[in-house]
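**Student:** Each chain, letter by letter, is given below.
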Amino acid sequence: VSKASESEIMLSGKRTAILGACAVLALLAAGDRGRGGAALAQPAAVTSACPTDTPTGGSTTRVVAAAHALEGLLDAGQRRTINHPLELQYAIRWSNFPAYIVPRNGVPIGDLNPEQTRAAKDLILAAAGACGARLFDENREADILGHQAIRGIDPGLHFISFNGVPSESKPWMLMISGHHLDFNFVFNGPEAGATPLFAGSDPGRFKDAKGVQHEPMARQGAVLADMARAISNYPEAQIPGVYTDLVRSVVSFGGGPPGRGGGAPGGGAFGIDTRYPVTYPAGPQGRGVSYAKLKPNEQALVRHAIESYAALAGRQISAPLLKLYETPEALAQTYVAYSGDTNLVQPRAYVRIDGPRVWIELSVQQSLVDRATTHFHSLWRDKVSDYGGQFRN
Amino acid sequence: MPNSVVFLDFQDRAVRAELVLPWAELQYGLPADLAEPRLPASSQTIERLAAYLREHVGATTPEGRPWAQTLDNIHIVQSPDHLDLEAHLTFTPPRGADTSALVLRDSAVIHIVMSHVILVFDRQAGAAAQPRLIGVLQNPKTMLLVRRQLRPGEGFVAAFKLGMRHIAQGADHLLFLFTLLLPAPLLAQAGRWTGPKPARQAVHDLIKTVTAFTIGHSITLIVGAGFNLRIPQQPVEAAIAASIMAAAAAAWRPLLGHGKSAPWMAGGFGLIHGLAFSAALSEYALTPRAKAQAIAGFNLGIEAVQLALVLAVAPILLWLARTRAYPRIRLVGAGTAAAAAAVWAVQRLMIGA
Numbered sequence: 001v002s003k004a005s006e007s008e009i010m011l012s013g014k015r016t017a018i019l020g021a022c023a024v025l026a027l028l029a030a031g032d033r034g035r036g037g038a039a040l041a042q043p044a045a046v047t048s049a050c051p052t053d054t055p056t057g058g059s060t061t062r063v064v065a066a067a068h069a070l071e072g073l074l075d076a077g078q079r080r081t082i083n084h085p086l087e088l089q090y091a092i093r094w095s096n097f098p099a100y101i102v103p104r105n106g107v108p109i110g111d112l113n114p115e116q117t118r119a120a121k122d123l124i125l126a127a128a129g130a131c132g133a134r135l136f137d138e139n140r141e142a143d144i145l146g147h148q149a150i151r152g153i154d155p156g157l158h159f160i161s162f163n164g165v166p167s168e169s170k171p172w173m174l175m176i177s178g179h180h181l182d183f184n185f186v187f188n189g190p191e192a193g194a195t196p197l198f199a200g201s202d203p204g205r206f207k208d209a210k211g212v213q214h215e216p217m218a219r220q221g222a223v224l225a226d227m228a229r230a231i232s233n234y235p236e237a238q239i240p241g242v243y244t245d246l247v248r249s250v251v252s253f254g255g256g257p258p259g260r261g262g263g264a265p266g267g268g269a270f271g272i273d274t275r276y277p278v279t280y281p282a283g284p285q286g287r288g289v290s291y292a293k294l295k296p297n298e299q300a301l302v303r304h305a306i307e308s309y310a311a312l313a314g315r316q317i318s319a320p321l322l323k324l325y326e327t328p329e330a331l332a333q334t335y336v337a338y339s340g341d342t343n344l345v346q347p348r349a350y351v352r353i354d355g356p357r358v359w360i361e362l363s364v365q366q367s368l369v370d371r372a373t374t375h376f377h378s379l380w381r382d383k384v385s386d387y388g389g390q391f392r393n
Numbered sequence: 394m395p396n397s398v399v400f401l402d403f404q405d406r407a408v409r410a411e412l413v414l415p416w417a418e419l420q421y422g423l424p425a426d427l428a429e430p431r432l433p434a435s436s437q438t439i440e441r442l443a444a445y446l447r448e449h450v451g452a453t454t455p456e457g458r459p460w461a462q463t464l465d466n467i468h469i470v471q472s473p474d475h476l477d478l479e480a481h482l483t484f485t486p487p488r489g490a491d492t493s494a495l496v497l498r499d500s501a502v503i504h505i506v507m508s509h510v511i512l513v514f515d516r517q518a519g520a521a522a523q524p525r526l527i528g529v530l531q532n533p534k535t536m537l538l539v540r541r542q543l544r545p546g547e548g549f550v551a552a553f554k555l556g557m558r559h560i561a562q563g564a565d566h567l568l569f570l571f572t573l574l575l576p577a578p579l580l581a582q583a584g585r586w587t588g589p590k591p592a593r594q595a596v597h598d599l600i601k602t603v604t605a606f607t608i609g610h611s612i613t614l615i616v617g618a619g620f621n622l623r624i625p626q627q628p629v630e631a632a633i634a635a636s637i638m639a640a641a642a643a644a645w646r647p648l649l650g651h652g653k654s655a656p657w658m659a660g661g662f663g664l665i666h667g668l669a670f671s672a673a674l675s676e677y678a679l680t681p682r683a684k685a686q687a688i689a690g691f692n693l694g695i696e697a698v699q700l701a702l703v704l705a706v707a708p709i710l711l712w713l714a715r716t717r718a719y720p721r722i723r724l725v726g727a728g729t730a731a732a733a734a735a736v737w738a739v740q741r742l743m744i745g746a
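In order, the protein sequences belong to chains A and B. Residues 1 to 393 in the numbering used here are what the first sequence spells out, letter by letter. Residues 394 to 746 in the numbering used here are what the second sequence spells out, letter by letter.
These aren't lab readings, by the way, just hints derived from the structure by calculation. Since the structure is predicted, the reported quantities are computational estimates derived from the model, not experimental observations. Any given hint could be a false lead.
With the Cβ distance kept under 8 Å, some of the chain B side facing chain A (calculated, not the full set) [what the hints assert, rightly or not]:
no., residue
1, V413
2, S508
3, L512
C-beta: ideal position from N, C-alpha, C; glycine also.
My request is simple: use the sequences and hints to build the entire structure.
**Tutor:** Structural data, given as structure tokens:
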């Protein structure tokens, strides 16, 4: 198992050849859309719209029922594996890294039988809503392709974990965590708990085995690019520096070869949310352009961008948060910023929404599965209610 | 994206640092013509990279005084799919400072790459093969206060040495102990010290007095350091001066604490001295286990020096107590102690400890 950082997974000659072949295939598949990441820029004839969630999406009653239904189908060993205490050390174990590099809590979906899998998918739909559940399915599709390039990547390595006992009244946490997609929902906590929510996909755009085109992050990518282009008219919206990745996500590995600073010195602390509770920029400087300064149509783009992330959690989980994010007072204290390519196509493009509570950031990076293209990392955090406010000091 | 790593290696006279900077991220901080180096790198390239590191990496004392710094070596390390810049630096503390704490300043890469993180490790603090992560730097945070962490076992030895040094340099503690011993070989009668005790009883009483003092200061040292009690040191220091005064008075006349009550007085004053000892340990933020080690080592270090003093001084006192000169010696000793204690008391109350 390679412990190198995701972006520098060692390439043996053989693997390079496979990757090269993948890149060529991808280019062929991309057809006349041009080279590399440019293909991502154009809204394609893919299902970029999110399916509409039902009003009961994310309801505690429904999620608890679905959790119990799944648990009822598990054998004793699986039941031990899926249950963890509601403690910070388990809560922070999510990552953008594949699970073969950064292990997760809980049972992997790949180990479930068909009946259990159906129950697991019901649970994911109940909690993440239609949009989140679709992103989950498409990430697993992406992992099928990823597996061809990097063996450790595996669509079965998305894990479900109950931290605390699923209950309609007592606090507990549902983690659905795998490569490039992590849901951390807390129910009955001190705060509504939808975050941290890591959303991405590598490749960003691909054709599955049946020839169906996917672009899992199409909606978020498109609306954030619209926003980035709109705010680029304001000089302060462009924040200085280079963004090769997110700034408030998990702590990544060190550089250098494994064992000499690279890989995972200290093991457990890496690739997960070790830095929680996170600190955020303060004051008006360096945070981009104020929402208050934007024109109404530009302001609408900011709200749409926030809503595109809220849509990745069941409606009843995200609605109370969305309401807080979109009060006039909260929006007046919200900043939006970008760096690099406003089309969110070129590597190092970066865009961010930074409110009194909401924190959404998206970074564009080279794809590791298909090196000629790019892929997104994005993160929705809440400065107050990450992990349902369960572990604030 | 890969991050930078700094490994710190605390030594007695210097702190060595090994830096690994992934070129994929470092390139954005370098001038365009350096960003894609031709390998092997020319000496001019290396010199410019060294200048970059010198500009961005340094160390100061917690108060901000700069440490001396040498760049021992620097090279570009090529792996199959990536490059790293690796460098070794040696930081030497300025006069009057030691290697127990430094502020690392490192803005390399993070001055420009906002998503980049510098992981700072203490190579000695963790288990043998696993350096311990002690902090992360990310723009705009470029400084990290690092306190030397001790290796398992090293904690005990270092604390033992610290304890020995602490009491050996603590003239007030030693003077107190000496003053306490002055009348120990004597018998008291009608409010005056008279002739010498029988030798056996004198030795016995001496041991009791010293043991009581030890128990007293151990109690407050363990409680104070163990629970991280923040005890204002000025009153403690003043009380220690007062304790010397009291011991001097007791050496002059058997006013308080003679015979059976002598050990109680020694133990009571020991409590005060222990509070001062505990302050010496309070600045170390340690795990409970390391703390227990440190307290044990520190206390035993104190006892070792104390025992050495008693073994050196007690036979002489026992012998002198049998001479005619002893009343004078005792009074001169008590007077000297009282005078020193008075000076300390004034200093500590007026100027602050």
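**Student:** Compare the structure with each hint and give your call.
**Tutor:** So, going through the hints one by one against the coordinates:
1. With a cut of 8 Å, the hint placing B:V413 at the interface with chain A holds, because the nearest CB-to-CB distance is about 4 Å.
2. For B:S508, the suggested interface contact is upheld, since its CB lies about 4 Å from the closest CB of chain A, less than 8 Å.
3. Interface restraint check: B:L512 against chain A, minimum CB-CB distance 5 Å, threshold 8 Å, status holds.
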